[in-house]
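Enquirer: Spelled out, the chains give:
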Amino acid sequence: MAESKIEKFAQNIIPPQGQNQTEAWEKFLASEFPTTRDEYWKYTRVGKIANGNYKNVDRVEDHINITDDIVCKDYLVVVNGVIREDLSQYTKTKFKVEFESAETAELNDGLDVFGWLNNATINRKISIKLGKGERTDGPLQLIFVGYGKNILQSSLVDVEVGDNAEGELVFSYLGRNSEEVFTNFYSRMHVGKNASLSVNKFQLEEGSTSHVSNDNIVQENSSRFTINTNTLYGQLVRNNLNIRVTSENCETNLNGIVMGHGNNHVDNHTFVSHDKSHCVSNENYKYVMDDKSTGVFNGRVIVQKDAQQINAFQSNGNILLSDTASINAKPELEIYADDVKCSHGSTTGQLDENAIFYLQTRGISKRNAEKMLVAAFIAEVIEEYENEDVRSYLFRQFEQRFGWVL
Amino acid sequence: MSKTLLDIKNLHAEIEDEGKQILKGLNLKVNAGEVHAIMGPNGAGKSTLASVVSGKDGYEVTDGEINFDGKDILDLDPDERAKEGLFLAFQYPVEIPGVSNINFLRTALNEIKDYRGEEQISAKDFMAMVREKSKLVELDAKLASRAVNEGFSGGEKKRNEIFQMAMLEPKVSILDETDSGLDIDALRTVAAGVNKLKSENNAVVVITHYQRLLDYIVPDFVHVLADGKIVKTGDKSLALELEEKGYDWLTEA
Chain A
1 MAESKIEKFA
11 QNIIPPQGQN
21 QTEAWEKFLA
31 SEFPTTRDEY
41 WKYTRVGKIA
51 NGNYKNVDRV
61 EDHINITDDI
71 VCKDYLVVVN
81 GVIREDLSQY
91 TKTKFKVEFE
101 SAETAELNDG
111 LDVFGWLNNA
121 TINRKISIKL
131 GKGERTDGPL
141 QLIFVGYGKN
151 ILQSSLVDVE
161 VGDNAEGELV
171 FSYLGRNSEE
181 VFTNFYSRMH
191 VGKNASLSVN
201 KFQLEEGSTS
211 HVSNDNIVQE
221 NSSRFTINTN
231 TLYGQLVRNN
241 LNIRVTSENC
251 ETNLNGIVMG
261 HGNNHVDNHT
271 FVSHDKSHCV
281 SNENYKYVMD
291 DKSTGVFNGR
301 VIVQKDAQQI
311 NAFQSNGNIL
321 LSDTASINAK
331 PELEIYADDV
341 KCSHGSTTGQ
351 LDENAIFYLQ
361 TRGISKRNAE
371 KMLVAAFIAE
381 VIEEYENEDV
391 RSYLFRQFEQ
401 RFGWVL
Chain B
407 MSKTLLDIKN
417 LHAEIEDEGK
427 QILKGLNLKV
437 NAGEVHAIMG
447 PNGAGKSTLA
457 SVVSGKDGYE
467 VTDGEINFDG
477 KDILDLDPDE
487 RAKEGLFLAF
497 QYPVEIPGVS
507 NINFLRTALN
517 EIKDYRGEEQ
527 ISAKDFMAMV
537 REKSKLVELD
547 AKLASRAVNE
557 GFSGGEKKRN
567 EIFQMAMLEP
577 KVSILDETDS
587 GLDIDALRTV
597 AAGVNKLKSE
607 NNAVVVITHY
617 QRLLDYIVPD
627 FVHVLADGKI
637 VKTGDKSLAL
647 ELEEKGYDWL
657 TEA
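Protein sequences appear in the order of chains A and B. What the first sequence shows, in this note's numbering, is residues 1 to 406, in sequence order. What the second sequence shows, in this note's numbering, is residues 407 to 659, in sequence order.
In case anyone wonders, no lab produced these hints; they're calculated from the structure. Heads up, the beta-carbon is just placed ideally off N, CA and C, and yes, glycines get one too. Each hint should be verified, as a subset may be incorrect.
[Unchecked claim] With a straight-line Cα cutoff of 30 Å, these simulated DSS-like cross-link-like pairs (lysine-lysine) come out:
1) B:LYS462 <-> A:LYS366
2) A:LYS366 <-> B:LYS577
3) B:LYS415 <-> A:LYS371
4) A:LYS371 <-> B:LYS519
5) A:LYS341 <-> B:LYS548
6) A:LYS42 <-> A:LYS366
7) A:LYS292 <-> B:LYS462
8) B:LYS415 <-> A:LYS366
9) B:LYS519 <-> A:LYS366
10) A:LYS96 <-> B:LYS415
11) B:LYS530 <-> A:LYS366
12) A:LYS42 <-> A:LYS5
13) A:LYS371 <-> B:LYS462
[As the list claims (entries may be wrong)] Have a look at the derived ranges for each label pair, beta carbon to beta carbon:
14) A:THR324 <-> B:LEU480: 29 to 39 Å
15) B:MET533 <-> A:THR347: 34 to 44 Å
16) B:ASP481 <-> A:THR347: 51 to 61 Å
17) A:ARG59 <-> B:PRO503: 48 to 58 Å
18) B:PRO503 <-> A:GLU98: 24 to 34 Å
19) A:ASP163 <-> B:GLY587: 56 to 66 Å
20) B:ARG618 <-> A:THR324: 42 to 52 Å
21) A:THR347 <-> B:SER551: 20 to 30 Å
Construct the complete structure from the given sequences, taking the supplied hints into account.
Expert: Now the structure itself:
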């Protein structure tokens, strides 16, 4: 019998030992990779991942320099999916950080092929808890580093923010000497009553890294959740962001910026389900696509039947810097309640030629004029970010990586 | 004799996509210390002249030359022409949301200085310069730091153009219908600003429909541009004559 795609993919991956993970592994082996015939994968081909030759590894001992990317006092470093307490420092944070053996950790149910693979191949589960009424002083940063060649790195993070608590997290994904790395990230975040959680994601994986993120958020009554997804690098990036607003008086903010270059492909699939009344969600994603890069934005919002007086705003703006870059944008609003305010807008265009000419007549080169306009376009999103350290880190990334002063 | 700053010879230019010829053998010589006014009926090619001299895309020069301070600038990009010392005040200044007036001017000034091999301006000196120059056109300091032209009134936009001119200290400034959309007070302010910037080392080319602006910015030469050519040149009294008689008497022949 011919080897299936999944079997071929799995050939260098060490199968798990524990019962839970073995179950997940079997479910993974029985799954199939999505194809462009699947509605939610229509514009994203996962061939780069499916045809990869990945192995999961234990600890790497080489020196890994991440100093420049540490933005928080407290940080936890994970290299190739392996938690590295020796490189971490998180004594000051009010978050309670625990690690659970993958053999005993409670895993998920009803996952897709990437979810099963994640659960089956994690090393240890990361559990982050903020007690009732606690407030963090500055974010806790989780730094995931892909290192080496043909690496599969899976991480599973559970976040629990207790009632009336307020916490901030930063998830950084980096590549170091990385080649053909596949980052498979899965998170579950629970935001308690009247609690607040703010998450900043920095996807900065250089080299030929593919990345699939599944972030699953549940919001309780009167809670606030903000996530800013910043994708500056990554050969193939797919972010699934699923937010369930289960109760009333909640606020949800989803922002994103994407810088497409080379042959990169970046896909953000967001999903917000408003289950109950009196909630607000604001979504703003901006893409700047250069070279032959391709982008996908799919913003799905459901307002359930019992969810009256919902304000759901969605905005997606895209700039194509080259003739060979492209974007597929699709808002999906499903509204079953009758007293709601929902809006969405998606624009795709090029930089304003008149503005470029105007700047040029003042002595600014065309390239710099373009940079200025892109910076202005992107900065509109970043200015909404509440954490000043995060903002300045991002501005620094733009300057160092693209020579762009925002 | 004073130095020739802008020397346009037998300029022929057409709109690229349409192949429609707009400028048909235009000659214009502007020396340091001079103010020139270019007047003419609608569609004569006044704004095209401003666009072609500043290097805007979409126009093709099919014949003739443009020399700037002794240098052929036809192959230069718009920013390089600006770096050589050319300035264009727009008829319709472009609004650029998110780009601050101050930041972009500092970038511009430093790019120009870099091109000329001069030292970069310090933040302190730059801000002092902003304060000084914004007074010149009575531009509110708050406007100077806002996004370029965004939400500016018509008058504020034009004052901002002259403020930028003051900051960049060009050798030749082309003012493209700077008087359009201005009330009389704003017109006076803008004109006073231009007059203060005038020196024996620079020159101003004023493109206008109306004589009114020329009461405030007094030209040494008035040219009539009709059908892509300068058909008549005179002193400031020509402007008054045009105001009275219109353009027909010049174009009919």
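Enquirer: With reference to the structure, classify each hint as holding or not holding.
Expert: Status of each hint after checking the structure:
no.	hint	verdict
1	B:LYS462 <-> A:LYS366	holds, 12 Å
2	A:LYS366 <-> B:LYS577	holds, 22 Å
3	B:LYS415 <-> A:LYS371	violated, 36 Å
4	A:LYS371 <-> B:LYS519	holds, 20 Å
5	A:LYS341 <-> B:LYS548	violated, 36 Å
6	A:LYS42 <-> A:LYS366	violated, 36 Å
7	A:LYS292 <-> B:LYS462	holds, 28 Å
8	B:LYS415 <-> A:LYS366	holds, 28 Å
9	B:LYS519 <-> A:LYS366	holds, 17 Å
10	A:LYS96 <-> B:LYS415	violated, 78 Å
11	B:LYS530 <-> A:LYS366	holds, 27 Å
12	A:LYS42 <-> A:LYS5	holds, 19 Å
13	A:LYS371 <-> B:LYS462	holds, 19 Å
14	A:THR324 <-> B:LEU480: 29 to 39 Å	holds, 31 Å
15	B:MET533 <-> A:THR347: 34 to 44 Å	holds, 36 Å
16	B:ASP481 <-> A:THR347: 51 to 61 Å	violated, 36 Å
17	A:ARG59 <-> B:PRO503: 48 to 58 Å	holds, 50 Å
18	B:PRO503 <-> A:GLU98: 24 to 34 Å	violated, 47 Å
19	A:ASP163 <-> B:GLY587: 56 to 66 Å	holds, 59 Å
20	B:ARG618 <-> A:THR324: 42 to 52 Å	holds, 51 Å
21	A:THR347 <-> B:SER551: 20 to 30 Å	holds, 27 Å
Checked against the numbered hints given earlier, the structure breaks hints 3, 5, 6, 10, 16 and 18 and satisfies all the rest.
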